[in-house]
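Student: Going line by line, the protein sequences match chains X and Y. Residue 1 is where the first sequence starts when you use the working numbering, and the numbers rise one by one after that. Residue 106 is where the second sequence starts when you use the working numbering, and the numbers rise one by one after that.
To be clear, the hints were calculated from the coordinates, so they are not data collected in a lab. From a predicted model like this one, the values you see are computed outputs, not experimental measurements. Ideal Cβ positions, reconstructed from N, Cα and C, are used throughout, including at glycine. Any given hint could be a false lead.
Sample of chain X residues facing chain Y (criterion: CB under 8 Å; computed from the structure) [what the hints assert, rightly or not]: (1) K30; (2) H33; (3) S57; (4) G60.
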Amino acid sequence: MNYHIQTDENTLHIHFQGRLQFEDHKEFKKLIHETIPKMKQRQIVFNLSKMDFIDSSGIGMILLAHETAKEHDKTFHLASAQGQVKRVLELTRISDLIATYNKTP
Amino acid sequence: MKTNLIQACMPLSSNISNFCDWHTNLNINDADDRVDLNLKIPTKRLYDAPEWRENLLSHLVKELLNHAQNHKYKSLKCPEISKELKENLEICFIEAVNNAIIHGNLGLTRSLKDNKNDFLNLLEQYNQVNSSSQCLQKHVDITLTLTQQSLSISIKDEGSGYDFPAILSQLHEVYIGNIKPFSKDGYKYKGRGLMLINACCDDMIISNHGTTVKMLWDLPEPQQDKDQH
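Model the full structure from these sequences, guided by the hints.
Tutor: Pasting the structure below:
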């Protein structure tokens with residue numbers, strides 16, 4: 001799992017690259033717990049355009065980020081999923097719960 | 106004919122060689138119309154080097170296809186592995202191996218609460234597995250089988266199994282029936298791995314009290330050689 005963070009006035013963007021899977025859980029948890037409680041923006045967007053693989057644990061981690069954002073009154077979105085990641089998001093019906101955009105909102 | 110891969114004539118990738126160095130049990134079994142490749146790997150290897158879970162499949166498939174290509178009876182045509190099939194193989198393999206390690210051999214379970222803390226507790230339990238735990242000595246048994254009609258992967262763990270008919274029935278209700286995931290009665294954090302396996306293979310068979318999952322993909326008919334027309 002690789003990522004970089006970009007911010008503007010209203011939004012904190014986390015741009016992911018590569019894979020998000022079970023073995024990334026420690027790093028992901030650290031990222032979420034160090035970022036969301038401290039952010040000043042009102043919304044957080046996970047940009048998934050460069051993520052090329054996700055497993056069911058990765059989906060669990062996204063749900064974890066979503067709940068953490070909710071606890072801190074932040075809006076949480078997913079954006080730009082492609083290929084396998086887009087398919088897994090569709091199969092798991094994640095958009096029933098989390099706003100999911102084809103492009104960065 | 107049973108051939109230990111260490112002695113097989115095809116070149117070995119470095120990762121596969123490492124698995125062999127670790128005294129894992131990797132065998133290829135030839136028959137006229139099929140190739141079986143079986144690997145027994147201790148949980149500890151996969152626990153200590155989790156990145157191998159993602160590397161292992163491509164190496165095993167490569168070895169299987171190399172073997173099919175060099176099949177001495179020549180009655181088995183080597184299939185094309187499409188991008189879609191490759192993606193399906195990968196997600197199913199990762200989910201099944203993770204289930205075998207986490208829920209099977211390590212015996213880690215979730216409560217019925219299915220919430221964020223339950224998910225975090227599971228991750229915490231996983232991180233706290235003692236390096237001398239007997240559970241890490243249990244094996245994950247992986248078998249790939251290629252025939253002219255299909256490719257299958259079977260993953261077997263040495264855990265105590267689970268009530269899979271009940272889980273499958275609930276999953277069916279949540280993902281195919283009328284209950285929506287994330288609703289009051291639907292799943293939130295759990296059950297998604299099996300659901301993904303079910304969605305990404307042509308047939309999923311769970312047996313041995315839930316300790317074995319076999320995933321099967323139908324292969325397209327091989328194209329006839331041009332000179333036969």
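Student: Do the numbers back the hint for G60 of chain X, that is, is its least Cβ distance to chain Y under 8 Å?
Tutor: 5 Å, holds
Student: Does the CB of S57 of chain X sit less than 8 Å away from some CB of chain Y?
Tutor: Holds - the Cβ of S57 of chain X comes within 8 Å of chain Y, reaching about 7 Å at its closest.
Student: When the nearest CB of chain Y is found for K30 of chain X, is that gap smaller than 8 Å?
Tutor: Cβ of K30 of chain X sits 12 Å from chain Y, so the hint is violated.
Student: So, H33 of chain X near chain Y? Judge it on the closest CB pair being under 8 Å.
Tutor: Violated. Min distance 11 Å.
Comparing the model with each earlier hint shows violations of hints 1 and 2; every other hint is respected.
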